[in-house]
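Peer 1: Below are the chains, spelled out letter by letter.
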Amino acid sequence: MNFRTCAAFTLAFAVASTASYACGYCVEDRIASVYDHAMVSQALARKHQVAFFAINGPLMASSSQQQSIERIALTGKGVDSGSARVTIETAVLALAFDPRTAPLAAVEASLQSKLAVKGLSVQRLRVIDKAGEMKAPQP
Amino acid sequence: MRLSLSVPFLTLFLLTACNPAVDSSAAKSDPYDATKMDLKPKPATVSSERHSGAFASGSALSLTAELKPLDPEPVKTIQLDTTHRVIEIAPGVKFSAWTFGGQVPGPTVRARVGDKIRFSMTNRSDETVSGVQLLAAPMMHSMDFHAAMVSPQDKYRSIAPGQTISFEFTLNYPGVFMYHCGTPMILEHIASGMYGAVVVEPKGGYPTKVDREYVIIQSEFYAKLDPEKRKVDGVPLYVLDGDRLKAAQPTHTVFNGVHNGMVTHPLPAKPGERVRLYVLNVGPSRTSSFHVVGTIFDRVWIDGNPDNQFRGMQTVLLGSSNSAIVEFMIPEEGSYIMVDHHFANASQGAIGLISTEPKADTKDLEHHNMPATTTPTDPAAIAGKQDFESKCFACHSIGQGKKLGPDLAGVTKRRSAEWLTAWLRSPEKMLANDPVAQGLLKEHNNLPMPNQNLSDAEIRQYIEYFRWIDARPAGSVTAVATH
Numbered sequence: 001m002n003f004r005t006c007a008a009f010t011l012a013f014a015v016a017s018t019a020s021y022a023c024g025y026c027v028e029d030r031i032a033s034v035y036d037h038a039m040v041s042q043a044l045a046r047k048h049q050v051a052f053f054a055i056n057g058p059l060m061a062s063s064s065q066q067q068s069i070e071r072i073a074l075t076g077k078g079v080d081s082g083s084a085r086v087t088i089e090t091a092v093l094a095l096a097f098d099p100r101t102a103p104l105a106a107v108e109a110s111l112q113s114k115l116a117v118k119g120l121s122v123q124r125l126r127v128i129d130k131a132g133e134m135k136a137p138q139p
Numbered sequence: 001m002r003l004s005l006s007v008p009f010l011t012l013f014l015l016t017a018c019n020p021a022v023d024s025s026a027a028k029s030d031p032y033d034a035t036k037m038d039l040k041p042k043p044a045t046v047s048s049e050r051h052s053g054a055f056a057s058g059s060a061l062s063l064t065a066e067l068k069p070l071d072p073e074p075v076k077t078i079q080l081d082t083t084h085r086v087i088e089i090a091p092g093v094k095f096s097a098w099t100f101g102g103q104v105p106g107p108t109v110r111a112r113v114g115d116k117i118r119f120s121m122t123n124r125s126d127e128t129v130s131g132v133q134l135l136a137a138p139m140m141h142s143m144d145f146h147a148a149m150v151s152p153q154d155k156y157r158s159i160a161p162g163q164t165i166s167f168e169f170t171l172n173y174p175g176v177f178m179y180h181c182g183t184p185m186i187l188e189h190i191a192s193g194m195y196g197a198v199v200v201e202p203k204g205g206y207p208t209k210v211d212r213e214y215v216i217i218q219s220e221f222y223a224k225l226d227p228e229k230r231k232v233d234g235v236p237l238y239v240l241d242g243d244r245l246k247a248a249q250p251t252h253t254v255f256n257g258v259h260n261g262m263v264t265h266p267l268p269a270k271p272g273e274r275v276r277l278y279v280l281n282v283g284p285s286r287t288s289s290f291h292v293v294g295t296i297f298d299r300v301w302i303d304g305n306p307d308n309q310f311r312g313m314q315t316v317l318l319g320s321s322n323s324a325i326v327e328f329m330i331p332e333e334g335s336y337i338m339v340d341h342h343f344a345n346a347s348q349g350a351i352g353l354i355s356t357e358p359k360a361d362t363k364d365l366e367h368h369n370m371p372a373t374t375t376p377t378d379p380a381a382i383a384g385k386q387d388f389e390s391k392c393f394a395c396h397s398i399g400q401g402k403k404l405g406p407d408l409a410g411v412t413k414r415r416s417a418e419w420l421t422a423w424l425r426s427p428e429k430m431l432a433n434d435p436v437a438q439g440l441l442k443e444h445n446n447l448p449m450p451n452q453n454l455s456d457a458e459i460r461q462y463i464e465y466f467r468w469i470d471a472r473p474a475g476s477v478t479a480v481a482t483h
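Order-wise, the sequence lines are chains A and B.
Read in the working numbering, the first sequence has 36 at position 36, and its numbers run on one by one without any break.
Read in the working numbering, the second sequence has 106 at position 106, and its numbers run on one by one without any break.
So here's chain A without its partners, still in its complex pose (with noise of 0.2 Å):
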């Protein structure tokens, strides 16, 4: 790999890890699309924990599809039955999870494996593990 192609992917993966948009559509911003506080509340109540993914790849603005990815992240282990919450629109995905049960390593894998299927991934953005706190991704 050459210098400059070696330039351009550390330049795509920084933009791509930093999901950093102009006003309106910044990290905090897309996380509020499906902030739902009631949610995290029940969650933090129980020490589980909330996460937030980007979901990348081609997205149709339909219900059915926030459907179906929301069914598909419940199933993962330690995954908080109905928590699962997504926006089609800014394309991310919350849930909650017993970390005690799986970490968030392991929520991940499998969001990544089972979305797969349909073309998709996941980026974690932030995650709640206490109130009035959410923390970016450690590298």
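Hints were generated in silico from the structure; no laboratory data involved.
Among the hints, a few may not be true.
[Stated by the list, open to error] Straight-line Cα separation of at most 25 Å, SDA-like style, residue types lysine to any residue; simulated pairs:
(1) A:K47 to B:V46
(2) B:K246 to A:V34
(3) A:K130 to B:L440
(4) B:K224 to A:D36
(5) A:K130 to B:K224
(6) A:K135 to B:A137
(7) A:K130 to B:K246
(8) B:K203 to B:D303
(9) A:K118 to A:K47
(10) A:K130 to B:G53
(11) A:K130 to B:R124
(12) A:K130 to B:A136
(13) A:K130 to B:S52
(14) B:K246 to A:S81
(15) B:K42 to A:E133
(16) A:K130 to B:T128
(17) A:K130 to B:K203
(18) B:K246 to A:K47
(19) A:K47 to B:S47
(20) A:K135 to B:P152
(21) A:K135 to B:S151
(22) A:K135 to B:D303
[What the hints assert, rightly or not] With the C-beta cut set under 7 Å, the calculated list includes, among others, these residues of chain B facing chain A:
(23) S48
(24) A136
(25) A137
(26) P138
(27) M140
(28) Q153
(29) P161
(30) Q163
(31) G399
(32) R425
Every residue, glycine too, gets a C-beta built ideally from N, C-alpha and C.
Knowing the structure of chain A, use the given hints to seat chain B on it.
Peer 2: Chain B only, in chain A's frame:
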């Protein structure tokens, strides 16, 4: 030969010496010199430490239309927390709102070019209000200050309930700037009440002295009855109407958050005084043609910057998030009516008064709307009342005698609903065929009522309002305006 050669050189020398681009004193006096602006603010911080107590604080804040004098401190520390509230946007219309500082519009910030704003905001939308269970669900919110020059991704990011964001910025331009929540859908967050104004004076202050200073913020509301039919204090709750919002068809267009704001509580002034209004149209979607009946704007500073001056304007056009400072004299005793001269907006509540009379609300008023003494709670009757007050007062009264048209107190006892419906739908047809209508025409100097092009829904609302009046004890509801 030597003279001919030296002239061009001399000319060139003189031109260079006089070139303003190299005149350092001119560059130093430029108030918009970008090299002198603070364009390197520190990064914002987000924490889980929440504010408690008051939802707004800071000496630079004004909570009402009357603008407090400028705080001379060069660093203004302000706190504006987000919270959800039920507010009354019109008599009997309790609306589920989202707010800055617990009020709509949010508090006005007053500062000067060069001042630093030290801002913090806790998202307290998860805090319950005692006795009120009808607030919108907690959600993420953010702050967008039009007065600031900062990275939106850093300073204007959305925060979850329980989080606090803090950041600083220096004010580099004078103006009257909007602030609003920038969380998507921004349209919904603004239409739900999340906006306010920052007044930034020029560094040397304004070039004129005035006797009164008021902030006027025009905004739209898109309200519909709560689909779950919930009530607040026995009155139906109203929530955001998403369909009308996206079609930019408001139900109420108001000054300072209230239908006919400042009609029942006029802004005071005295004859001979000079009044300055800081006028901001926050939209979210419509334009304002701001006008004050009875006077002319001696000075208009577009977007609140004296460098953008017009003289002698009757009306100033403000797009959504545009502003202007207008100054005018109060020539004599009277009530001077602020309106949006897009009269569809005025009829929805964009009316206010600047009055030399301390209790102008007890007197008959020229023009437009006049509140009745009590208020219905049925939504159809409320709508009928508002429409009646905006369209019918020129010719009718309620319980105050005949005017150009009949006194409408008791009309549902004199006429059936069918007759009233036919009349309101097409007065000209009724005048051609109905003997009662023809009798009324003779009684009222052969002055026919013009067709108001009412929809069936509007007709039903009028009749509900008339029924509500006639169900009350005779004489208990009166309303009139005079010419």
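Peer 1: Taking the hints in turn, state whether each one holds.
Peer 2: Tested hints:
Proximity of A:K47 to B:V46 is assessed by CA-CA distance (about 22 Å); at most 25 Å being required, the pair is judged to hold. Proposed proximity of B:K246 and A:V34 is supported: the alpha carbons are some 20 Å apart, at most 25 Å. Using a Cα cut-off of 25 Å, the hinted pair A:K130 and B:L440 is violated, with the two alpha carbons roughly 73 Å apart. With a CA separation close to 23 Å, the supplied pair B:K224 and A:D36 stays within the 25 Å bound.
As the CA atoms of A:K130 and B:K224 are separated by approximately 37 Å, the hinted pair breaks the 25 Å bound. Between the alpha carbons of A:K135 and B:A137 the distance comes to roughly 23 Å, so the proposed pair stays at or under 25 Å and holds. As the CA atoms of A:K130 and B:K246 are separated by approximately 36 Å, the hinted pair breaks the 25 Å bound. A threshold of 25 Å between alpha carbons decides the hint, and for B:K203 with B:D303 the separation of about 16 Å falls inside it, so the pair holds.
Between the alpha carbons of A:K118 and A:K47 the distance comes to roughly 32 Å, so the proposed pair goes past 25 Å and is violated. At roughly 23 Å between alpha-carbon atoms, A:K130 and B:G53 fall within 25 Å of each other, so this suggested pair holds. Annotation: proposed proximity of A:K130 to B:R124 holds, straight-line Cα distance about 16 Å (limit 25 Å). Taking the CA atoms of A:K130 and B:A136, the gap is about 23 Å. The hint holds against a cut of 25 Å.
For the suggested pair A:K130 and B:S52, the alpha carbons sit about 19 Å apart, so the restraint of at most 25 Å is met. A distance of roughly 34 Å separates the Cα atoms of B:K246 and A:S81; the hinted pair therefore is violated under the 25 Å criterion. Between B:K42 and A:E133 the CA atoms are separated by roughly 21 Å; this keeps the pair inside 25 Å, and the hint holds. Between A:K130 and B:T128 the alpha-carbon distance is near 20 Å, which keeps this suggested pair within the 25 Å criterion.
The suggested pairing of A:K130 with B:K203 is violated, with an alpha-carbon distance near 45 Å, which exceeds 25 Å. Under the criterion of a C-alpha separation no larger than 25 Å, the hint pairing B:K246 with A:K47 is inconsistent with the structure, at around 40 Å. With a C-alpha separation of about 20 Å, the suggested pairing of A:K47 with B:S47 holds against the 25 Å cut-off. Taking the CA atoms of A:K135 and B:P152, the gap is near 19 Å; set against the 25 Å cutoff, the hint holds.
Of the pairs offered as hints, the one joining A:K135 and B:S151 holds, with about 20 Å between alpha carbons and a cut-off of 25 Å not exceeded. Note on A:K135 and B:D303: the hinted pairing is violated, with a Cα-Cα distance of about 39 Å set against a maximum of 25 Å. The beta carbon of B:S48 is positioned within 7 Å of a beta carbon in chain A (closest approach about 3 Å), and the interface hint is therefore held. Taking 7 Å as the C-beta contact cut-off toward chain A, the hint placing B:A136 at the interface is violated, the least distance being around 10 Å.
Annotation: B:A137 was flagged as interfacial toward chain A, and the flag holds, the nearest CB pair being 6 Å apart, inside 7 Å. Taken as an interface hint, B:P138 checks out: its beta carbon lies about 4 Å from the nearest beta carbon of chain A, inside 7 Å. The beta carbon of B:M140 comes within 4 Å of a beta carbon in chain A, closer than 7 Å, and the hint placing it at the interface holds. A cut of 7 Å between beta carbons decides the hint on B:Q153: the least distance to chain A is about 5 Å, and the hint holds.
Against a cut-off of 7 Å between C-beta atoms, the interface hint on B:P161 holds, since the closest Cβ of chain A lies about 6 Å away. Look at B:Q163: its Cβ gets to within about 5 Å of chain A, closer than 7 Å, so that hint holds up. Among the interface hints, the one on B:G399 is violated; its C-beta lies about 50 Å from the nearest C-beta in chain A, farther than the 7 Å criterion. Checking B:R425 against chain A by beta carbon gives a least distance of about 41 Å; that is not within 7 Å, so the hint is violated.
Hint compliance for this structure: hints 3, 5, 7, 9, 14, 17, 18, 22, 24, 31 and 32 are broken, all remaining hints hold.
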